[in-house]
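Undergrad: Those protein sequence lines, which keep their order, are chains A and B. First residue of the first sequence? That's 1 in my numbering, and the numbers climb one at a time after it. First residue of the second sequence? That's 1 in my numbering, and the numbers climb one at a time after it.
Hints are computed from structural coordinates only; laboratory data are not their basis. A portion of the hints provided could be inaccurate.
[To be verified] Selected chain B positions facing chain A (in silico; Cβ < 10 Å):
(1) K49
(2) K53
(3) K92
(4) H102
(5) F124
(6) N190
(7) G191
(8) I195
(9) L198
(10) K202
(11) I205
(12) E209
[To be verified] Cross-link-like lysine to aspartate or glutamate pairs, in silico, EDC-like; alpha carbons within 20 Å at most:
(13) K68(B) to D310(A)
(14) K204(B) to D3(A)
(15) K37(A) to E206(B)
(16) K149(A) to D186(B)
(17) K307(A) to D75(B)
(18) K185(B) to D7(A)
Cβ atoms here follow ideal geometry from the backbone N, Cα and C, with glycine treated the same way.
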Amino acid sequence: MVDTLADGTIQLYIDRLYCHEVTSPQAFAGLRERGLKAFRPAQITCIPDHNIPTLNQDRPIEDPVSKNQVDTLEKNAADFGLAYYGLLHPKNGIIHVVGPETGLTQPGMTMVCGDSHTSTHGAMGAIAFGIGTSEVEMTLATQCIMQRKPKTMRITVDGKLRPGVTAKDVALYIISRMTTGGATGYFVEYAGEVIRNASMEERLTICNLSIEMGARGGMIAPDQTTFDYLRDREFAPRGEAWEKKVAEWRQLYSDPGATFDKEIVFQAEDIEPMITYGTNPGMGMGIRENIPALESVDEAGRISYQKSLDYMGFTAGEPVLGKQIDYVFLGSCTNGRIEDFRAFASLVKGKKKAAHVTAWLVPGSWLVEKQIRAEGIDKVLEEAGFELRQPGCSACLAMNEDKIPAGKYAVSTSNRNFEGRQGPGARTILAGPLVAAAAAVTGVITDPREMKSE
Amino acid sequence: MKRSGNRLAKRKAIEKTMKEKINTITSTFVPLPLENVDTDQIIPARFLKATTKEGFGDNLFRDWRYDKEGNPNPDFVLNQGVYHGSILVAGKNFGSGSSREHAAWAIAGYGFRVVVSSFFADIFKNNAMNNGVLPVVVSPEFLSELFASAEKNPEATLTVDLPNQTILNNATGKSEHFDINPYKKDCLVNGLDDIDYLLANKSKIEAYESAHR
Numbered sequence: 001m002v003d004t005l006a007d008g009t010i011q012l013y014i015d016r017l018y019c020h021e022v023t024s025p026q027a028f029a030g031l032r033e034r035g036l037k038a039f040r041p042a043q044i045t046c047i048p049d050h051n052i053p054t055l056n057q058d059r060p061i062e063d064p065v066s067k068n069q070v071d072t073l074e075k076n077a078a079d080f081g082l083a084y085y086g087l088l089h090p091k092n093g094i095i096h097v098v099g100p101e102t103g104l105t106q107p108g109m110t111m112v113c114g115d116s117h118t119s120t121h122g123a124m125g126a127i128a129f130g131i132g133t134s135e136v137e138m139t140l141a142t143q144c145i146m147q148r149k150p151k152t153m154r155i156t157v158d159g160k161l162r163p164g165v166t167a168k169d170v171a172l173y174i175i176s177r178m179t180t181g182g183a184t185g186y187f188v189e190y191a192g193e194v195i196r197n198a199s200m201e202e203r204l205t206i207c208n209l210s211i212e213m214g215a216r217g218g219m220i221a222p223d224q225t226t227f228d229y230l231r232d233r234e235f236a237p238r239g240e241a242w243e244k245k246v247a248e249w250r251q252l253y254s255d256p257g258a259t260f261d262k263e264i265v266f267q268a269e270d271i272e273p274m275i276t277y278g279t280n281p282g283m284g285m286g287i288r289e290n291i292p293a294l295e296s297v298d299e300a301g302r303i304s305y306q307k308s309l310d311y312m313g314f315t316a317g318e319p320v321l322g323k324q325i326d327y328v329f330l331g332s333c334t335n336g337r338i339e340d341f342r343a344f345a346s347l348v349k350g351k352k353k354a355a356h357v358t359a360w361l362v363p364g365s366w367l368v369e370k371q372i373r374a375e376g377i378d379k380v381l382e383e384a385g386f387e388l389r390q391p392g393c394s395a396c397l398a399m400n401e402d403k404i405p406a407g408k409y410a411v412s413t414s415n416r417n418f419e420g421r422q423g424p425g426a427r428t429i430l431a432g433p434l435v436a437a438a439a440a441v442t443g444v445i446t447d448p449r450e451m452k453s454e
Numbered sequence: 001m002k003r004s005g006n007r008l009a010k011r012k013a014i015e016k017t018m019k020e021k022i023n024t025i026t027s028t029f030v031p032l033p034l035e036n037v038d039t040d041q042i043i044p045a046r047f048l049k050a051t052t053k054e055g056f057g058d059n060l061f062r063d064w065r066y067d068k069e070g071n072p073n074p075d076f077v078l079n080q081g082v083y084h085g086s087i088l089v090a091g092k093n094f095g096s097g098s099s100r101e102h103a104a105w106a107i108a109g110y111g112f113r114v115v116v117s118s119f120f121a122d123i124f125k126n127n128a129m130n131n132g133v134l135p136v137v138v139s140p141e142f143l144s145e146l147f148a149s150a151e152k153n154p155e156a157t158l159t160v161d162l163p164n165q166t167i168l169n170n171a172t173g174k175s176e177h178f179d180i181n182p183y184k185k186d187c188l189v190n191g192l193d194d195i196d197y198l199l200a201n202k203s204k205i206e207a208y209e210s211a212h213r
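Extracted from the complex, chain B is given alone in its bound form (with noise of 0.2 Å):
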């Protein structure tokens, strides 16, 4: 009984953390063709402040979204109302420098659930996938091809199928597939995070540090 009692709630306690689950999604892009684009940009450190996760994608590439003075900047693509969509297309290394998993929240919070790119820092790709954001990491190739077919048109879309691990340009018809750790791809498809695991593991830990005293 008493067993049944806790594992309810655990249940309950999952329940309440758990991430939005992500399984085949297709959309519309935002191209966003820079390289190296650190976390700084994406969400700059006077706004780390909060002691929530609400409220940072209004944030997001704030000092290249807005200007001095908080005007929108015409020339940034969030702002020119031609390029929209849950999928953001960046530049390779996307998300290095600093740690802050705020920038998965300001990521997650503007509404983007997948993010492709040639290479992702780790720690970020880290952050992401913790935030029920999916790093999709393509070929240098297929990635400057969706820059090109997002130029033609934009309403161009991308289909990310990650039970399949596979990601289809539908403008070219050209797929290739991509790379997730089989632990990883159940967390994000079923909306739990690592935390749900390690909690139900920890007679395994205690049996480790009595080992290692």
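The shape of chain A in the complex, shown without the other chains (with noise of 0.2 Å):
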């Protein structure tokens, strides 16, 4: 915090600023505009991640727009000095997942990005979250931005989760209790049994989607777990600097007496694996339960939601179990981690994929890329009938050519269902990386508890 002003705005410093494609060109454009340098330039990293293609990244873009958008961030990062990872490099992919798996991302560490998934990072312990463009260019220009303290939640998580639970059906589970706009105006703290009990990358999928239900941002005490994972990574300090941070880090907890604005406590036992019905991620429901009838959503939010359900071409009452799908997409910044394909490539293992099901794959980073091929998993796709793609944000927001078509439904391990995500007209369920392999092999939406891992 370098200043705060009488009316309790805060002149916030910023440790790191990411920047993608698609929300840096116009504040590059502003401080060109003012005749600006970039403050602190080593403090920026530069990555394409959305709108790049997931076959023959080395070949030219095909969209021209795309392309522009690219080759923009590249100039720019160039004219302002600062790091660029583009297509190809051996750390290009999906800036959140980068970014933690670079250590890049470090506890205690203030971080903003043009992305509302910038809440990824606050499960090593960093304050992150999500900014415009108008805030990157204050970034970019002052390495500062202007903020009001947000109010304070905690949600526990106690217990152990069940068998067949990951953690994107913890994350699903509390947004659709939350609702999707049910933690406006409030950063998180996680916490209990099961946050403690989490892998680093289950923190960050939980973190990531913190969002979707309106927070301005996720995070977790950074712990044993987090030192354990950071360690020896490319940007960690290392040596005697390493044992000093680490001493540092390990201060960073809430006191055990600390109060929040607001609790929540759940029950991991509760927690069935998850998938959603509607067009936000608060619409989720265990994946045997019912669509919820009209009556239970309250009359101002009536039209929205039948409009929902209409768009999804659902009817409030039924079951969504045993519906066909047409797609299946596992990748993005919440669920292409290294363990997701573990945990899809353990179920579908010598089974074949539906003849019906299109299936996109998507690494979220080369670095993911690579560990895959290390372990063989990308033999055990190719033996179930999967292809690897190429590491990109893909479609989890279809901006290049990834679009599922109007009216097909996709199973996605991404982060929104909202009408037109995945392409104009397209019908996305959201779920993990366990219910996505299950609806690849059956071509229907399956309880994966049902099959059996080889």
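Can you join these two chains into the complex? Each is in its own frame, and there are hints to help.
TA: What follows is the structure, encoded as structure tokens:
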């Protein structure tokens, strides 16, 4: 915090800024217009991820408008002296996957990016949140932004998860209870036995989805899991500096007696594998449940609710289990990491992809892709009739060619089921990697717990 | 001499990037009684590929406003020719989802200066204010009365008074106070943005850095 104004507005110092190609060009243009340089270029990393194709990345991008945006980021990075990991660079990938896995993201840092899923980095104990392009410009120019202090919320998940329940299910369950706007105005800290026992990648998935209930950000206090994950990563401190940093990071937790503006507690045993049935991530339910009745929705929300079910082609009160699907998407900053590919592969191993299903398996980064090959997961997937694509945001928001056709159903491990999110008219069912794998081999919405993994 | 020269240069830079000021606006309004209108609906991702801020208004609410062939959808409020004005009134949680500032550019580009809802997503709210669009938060009751007033009479008007932080439904005569922090209010009333403030504050930033190295 550099300064606090009389009305409580904070001038917040930003330790690290990530830039991608979609939300940064106007910010760089603003800098040029004002004749400014990047204030702290060493604290800024640029990675194109939203527009990039997931096939033939060695060839020029076919869509000229996408190509222009990616080229513009490359030029801006060069002109302003910023690190740039372009297509086919070993450190290219989705910025929220690359940040943690390279150790650019570290506990205690303040971090921003013109992307709402910046909340991901909170899993490592960073204070990380999404901003708009004007704020990207401010950060480029001054390494600061003006913010209001958010209210605080602690979400505790106690107990032990049932078999077959993934971190994505935990997050979708929390959001379904909180609703899509239920954490607006709050910064969330996740706590409890489930969070403490979660791996770093599971924590990244949970914090990633904080924005889907409206939270400004989500974070988890760093602990041994965080330090073990971060140690020896490319940009992590080394030697004595490492020891010193770890000692500092160990102090980054809420006091046992800390009070929050809101406290919410969930029980792990109540969480089932989840799916969504509507057009916002809060419209989720256990995979064996029925779509809630219209009468269960408050009156002001009924027009939206009905519109949402009409868009999805679903009827209130019916189950989604057993419905035929057309596409499966494994990937995104939510579920595009090695553990997600391991989970997906564990279920499809020895089985075959359903003939009518088109599956897009998109690693979150080249480092993830490399690991997939090192572990032989690519072979397992190939034998089951799946092929790997190249890293990028891909069908999560369909800015490249990976668009789900109108009217088709896609089970997606991504983060948003908004109307048209995966392509105009596309119908998205959000789920974790196991539910996606079960749908990919059976061709219908299937409870993964009913399938034997080999 | 040098100092005043700097100040002049700064002033010029500010003027170049100044936003339209907001004071008091009285206008008819466009009702959109849908909840959780996410920024993907305000401006779909496939329209985010531009590298300037212009032209997004043409694609505001694109997939609700136009069919697959690009023909105007006659059921959508912006195409009916009944409702118009510089104020948009929408259901709760307006602007959720993606942080894309293109959503604020689309709303401003279409000609809206004020958006009214019972609550806004945080990032959208900041983006709107950074583009001279005023988000006004009203109670759920006030909001449903606004929808009722518009239904009764499409020419019903609203008066939004930023200096006094009040919103008045001229059809019912009811008004409400709305919150906005003094710093942002000052920016909107004077057409300034955060970057002007921050650039003037660089010595404090450097002092912070040396204290935290």
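Undergrad: Using the nearest Cβ pair, does I205(B) come within less than 10 Å of chain A?
TA: Where the cut-off is 10 Å and the nearest Cβ of chain A is about 6 Å from I205(B), the hint holds.
Undergrad: So if I understand the rule, the pair passes when the alpha-carbon distance is 20 Å or less; does K68(B) with D310(A) pass?
TA: holds (17 Å)
Undergrad: Would you check whether H102(B) satisfies its interface hint, that is, whether its CB is within less than 10 Å of any CB in chain A?
TA: holds (8 Å)
Undergrad: With the threshold set at 20 Å, check whether the alpha-carbon distance from K204(B) to D3(A) stays at or below it.
TA: holds (8 Å)
Undergrad: Check the hint pairing K149(A) with D186(B) against an upper bound of 20 Å on the C-alpha distance.
TA: Within the cut-off at roughly 18 Å; holds.
Undergrad: Was the hint right that N190(B) lines chain A, CB cutoff 10 Å?
TA: Since the shortest Cβ distance to chain A is 15 Å, the answer is violated.
Undergrad: Quick check on the hint: G191(B) CB to chain A CB, less than 10 Å?
TA: violated (14 Å)
Undergrad: Using Cβ atoms only, decide whether K53(B) comes closer than 10 Å to chain A, and label the hint accordingly.
TA: Holds. Min distance 5 Å.
Undergrad: Take the shortest C-beta to C-beta distance between E209(B) and chain A; is it under 10 Å?
TA: holds (8 Å)
Undergrad: Can you verify the interface hint for K92(B): is its Cβ closer than 10 Å to any Cβ in chain A?
TA: Where the cut-off is 10 Å and the nearest Cβ of chain A is about 7 Å from K92(B), the hint holds.
Undergrad: Taking the closest Cβ pair, is K202(B) under 10 Å from chain A?
TA: Holds, because the Cβ-Cβ distance from K202(B) to chain A comes to roughly 7 Å (cut-off 10 Å).
Undergrad: For the pair supplied as a hint, K307(A) and D75(B), confirm whether the alpha-carbon distance does not exceed 20 Å.
TA: Roughly 13 Å between the alpha carbons, so the hint for K307(A) and D75(B) holds.
Hint compliance for this structure: hints 6, 7 are not met, and every other hint is.
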